[in-house]
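Participant: Here are the chains, one letter per residue:
Number of protein chains: 2
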Amino acid sequence: MDKRKKEKLAKKGWKVGSVAEFLDLSAEESAYIEMKLALSEKLRGQRQRKKLTQAELAKAIESSQSRVAKMEAGDPTVSIDLLMKSLLALGVSKKELGRTIS
Amino acid sequence: MDKRKKEKLAKKGWKVGSVAEFLDLSAEESAYIEMKLALSEKLRGQRQRKKLTQAELAKAIESSQSRVAKMEAGDPTVSIDLLMKSLLALGVSKKELGRTIS
DNA sequence: TTACAATATGTCAGTTATGACATATGATGT
DNA sequence: ACATCATATGTCATAACTGACATATTGTAA
Chain B
1 MDKRKKEKLA KKGWKVGSVA EFLDLSAEES AYIEMKLALS EKLRGQRQRK KLTQAELAKA
61 IESSQSRVAK MEAGDPTVSI DLLMKSLLAL GVSKKELGRT IS
Chain C
1 MDKRKKEKLA KKGWKVGSVA EFLDLSAEES AYIEMKLALS EKLRGQRQRK KLTQAELAKA
61 IESSQSRVAK MEAGDPTVSI DLLMKSLLAL GVSKKELGRT IS
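Protein chains in written order, with this note's numbering: chain B, 1 to 102; chain C, 1 to 102.
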């Protein structure tokens with residue numbers, strides 16, 4: 001099972017326990033994915049808090065609606081860099097980002 | 001002045017005050033670069049703590065000595081993703097990563 | 001000095017992430 | 001039902017990142 005597929009599956013709930021349970025993810029892989037998911041959720045939360053649509057946020061950060069959707073979905077093609085930059089653009093502080101990934 | 005150049009300059013000390021002072025970086029750009037630098041320094045610290053050479057670390061994370069050097073130098077071609085993955089591989093926890101970027 | 005190990009810097013071909021677009025699905029009202 | 005807005009998903013050309021390599025610089029010991 002390749003990495004892409006794994007991550008794609010991983011982020012879809014299957015809420016029975018944690019992600020790493022039956023997909024054979026290493027501790028580091030799990031931690032990485034968990035951080036990405038935490039940032040995804042934070043992004044959605046902050047966007048909704050500000051009552052922005054995905055399209056509006058996309059414009060603000062010079063991206064596209066589809067990429068915002070992918071960010072919020074935890075899509076494996078989205079980098080932590082992009083998530084962080086987007087959150088910073090939404091006014092989230094470094095400190096809060098630190099708390100988010102922890 | 002393009003972004004690449006800026007970041008490249010930025011990370012070289014010029015220790016007079018903070019980075020953003022005379023380079024016209026926005027608050028978000030500054031925060032982003034500060035996070036990257038913090039991760040760079042953490043990486044070097046952790047590597048040295050374990051008494052590994054850059055070449056040894058490179059092997060462990062399936063990268064190359066030159067890329068490790070660039071990571072530690074805060075080179076703009078290095079992603080936060082790679083820094084985070086490397087630090088996780090060195091045994092740094094999510095919590096510690098959170099503290100590092102804050 | 002010389003020699004050697006470690007680190008830094010430059011380049012480049014291959015890979016991955018990105019924005020943009022089209023289209024599909026969902027949600028909410030009329 | 002239909003129309004409209006928001007979100008999701010798939011694809012693709014371009015841009016950005018990556019490992020590898022060569023080479024340069026720095027450090028340190030003989």
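By construction, these hints were calculated from the structure, which means they are not laboratory data. All C-beta atoms, glycine included, are put in the ideal place defined by N, C-alpha and C. Some hints here could point you the wrong way.
Derived coverage of chain B by chain C (criterion: at least 3 residues anywhere in the stretch with Cβ under 8 Å from a Cβ of chain C; other residues may be distant) [to be verified]:
1. 32-42
2. 53-65
3. 70-83
Participant: Against this structure, judge whether each hint is valid.
Facilitator: Tested hints:
1. 32-42: holds (count 3)
2. 53-65: violated (count 0)
3. 70-83: holds (count 3)
Hint violations for this structure: number 2 only, all remaining hints satisfied.
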